[in-house]
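First to last, the protein sequences are chains A and B. Just so we're aligned, residue 1 is where the first sequence starts under my numbering, counting upward by one. Just so we're aligned, residue 303 is where the second sequence starts under my numbering, counting upward by one.
These are computed hints drawn from the structure, not numbers from a lab. The reader is advised that the hints may include incorrect statements.
What the hints assert, rightly or not - Cut-off 25 Å, straight-line C-alpha distance, at most; resulting in silico cross-link-like pairs (DSS-like, lysine-lysine):
1) A/Lys51 x A/Lys238
2) B/Lys580 x A/Lys72
3) A/Lys146 x B/Lys374
4) B/Lys449 x A/Lys72
5) B/Lys580 x A/Lys71
6) B/Lys374 x A/Lys277
7) B/Lys579 x A/Lys146
8) B/Lys580 x B/Lys566
Protein chains: 2
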Amino acid sequence: MAPKYLTGDKAGISEFLDRFDVFLFDCDGVLWSGDHLFPGTAETIDMLRKKGKQLVFVTNNSTKSRADYKKKFDSMGIEAKVEEVFGSSYSASIYISRILKLQAPKNKVFVLGESGIEQELESENVPYCGGTDPSLRRDIEPEDYKKIADGSMLDPEVGCVLTGLDFHVNYLKLSLAFAYLRQGAVFLATNTDSTLPNSHTLFPGAGAVGAPLVKAIGREPLALGKPSQAMMDAIEGKFQFDRSRTCMIGDRLNTDIQFGIEGKLGGTLAVLTGVSKKEEFLAEGAEVVPTAYVDKLGDLLG
Amino acid sequence: MAPKYLTGDKAGISEFLDRFDVFLFDCDGVLWSGDHLFPGTAETIDMLRKKGKQLVFVTNNSTKSRADYKKKFDSMGIEAKVEEVFGSSYSASIYISRILKLQAPKNKVFVLGESGIEQELESENVPYCGGTDPSLRRDIEPEDYKKIADGSMLDPEVGCVLTGLDFHVNYLKLSLAFAYLRQGAVFLATNTDSTLPNSHTLFPGAGAVGAPLVKAIGREPLALGKPSQAMMDAIEGKFQFDRSRTCMIGDRLNTDIQFGIEGKLGGTLAVLTGVSKKEEFLAEGAEVVPTAYVDKLGDLLG
């Protein structure tokens, strides 16, 4: 069915909002772009709260913890609670602690990523190594090859490799992660987005940073971010919502909108302030089509 | 047809060697492993030369130039001429200079790799940037995102991205390479080996190092190393041999032996001193099967 265009359609907006009790929001490209807040964002969030809607902010950005995200909301002047934020690092940490349940002495996670992942692992009491360890932010040396080969540089407690967006990726960290995977470590990714929007263009995303491991080991990680339904299950486990009364709002068809469709939510809403263009879902034979769309989130104010 | 086992079979060896005028050798895993020369290697090379065979040393290792490889042969006590060495960096450089023929002002190559690639590009007078440039061996900074986005950090002459094995890969270099690819640069790889043997185990290979770009841009590079037939064509262009009288000797089924089979050479010889095991090609339904095999190269001495 063709998506309904809601911008400027007061009656259409009202009817659409009445269909849902819960709204899942993607953040970057929907609420803001980098440090630029889209007009009407804060007012729309307020309006939905006043209508009694439950809001969950769902982000694949693994470099920030929920606490980091709360600070971002504060700085943008948007009301949000830490408990309303659901990031891919948190999703991965919950998966590891509550579903994977790694047993000692093989319960440590080798992290390829930034501090956001580390903070969320700590919040679930999951032991980890790698990550932002400054001793790994260097070139690989001839001795390292031997120490990785003979195992003396490897932590015997590592039973899982978790990859996310790592701005400090290097050959040494990739070699360590690969060695753990060869030993049989569980292979997880916070998310596998191929690109990362920044400064109005695209940079390599978390999926690109982890791609060397996929290529070297010859298998894909289990991804815990959108559109993986492992993330939807984790959100549902926490918030206990009725999927038929829930709407996913996002700017990316192949992550956000697909996430909502595969999760059998009551509806999806695309905004045109991010990556995907309306031509993509209005085209004949488009594979991922939202229920409705607006030019920008603030258009929901009517 | 089942491969013939030649170790200890004097008549079989003699008959096999008589079928060929040219032998293409893989190096690591065939002649030596790292710094360990396999017994009988030098004597086998001598024996083949005395029989008047033409020898070509074909390697996917992009970190070394032909001149670097000549030094390695010297240090190992094996007679070899620079002209007999054919590496993936040289193959890529020939492809760029003689087939791609990039036109000024878009004729510069952005290199993700080590000095071996740079040396071979210089030998073909191909201008390049990136590579071992020390100013790129650092973390990405907030300003870099803006300068990459607005183009001020990009070299307007770059028309090609060449990826190989880069032990100094980082997010900044990946971001630059990705930006050039988004601008339409030709995407080449010296080789796409997923792994690199070292210290009797495996590390991420050139294909793994370049994988972030493949994931981010969503297309594969043209690979100029084994088993790409672009490399076979380049070798043939230089040495003018009769393929039916040529044999490829290697240790990897999915690169060396496949390279020879796809190149319709007269034969292939597997050695068991490297990556692939005989169980792989002796198995029922094996996909890549050599013409013959020996335990080690020196067994050809009979």
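Hints versus structure:
no.	hint	result
1	A/Lys51 x A/Lys238	holds (22 Å)
2	B/Lys580 x A/Lys72	violated (58 Å)
3	A/Lys146 x B/Lys374	holds (21 Å)
4	B/Lys449 x A/Lys72	holds (24 Å)
5	B/Lys580 x A/Lys71	violated (59 Å)
6	B/Lys374 x A/Lys277	violated (55 Å)
7	B/Lys579 x A/Lys146	holds (23 Å)
8	B/Lys580 x B/Lys566	holds (22 Å)
Violated hints, listed in ascending order, are 2, 5 and 6; each of the other numbered hints is respected by the structure.
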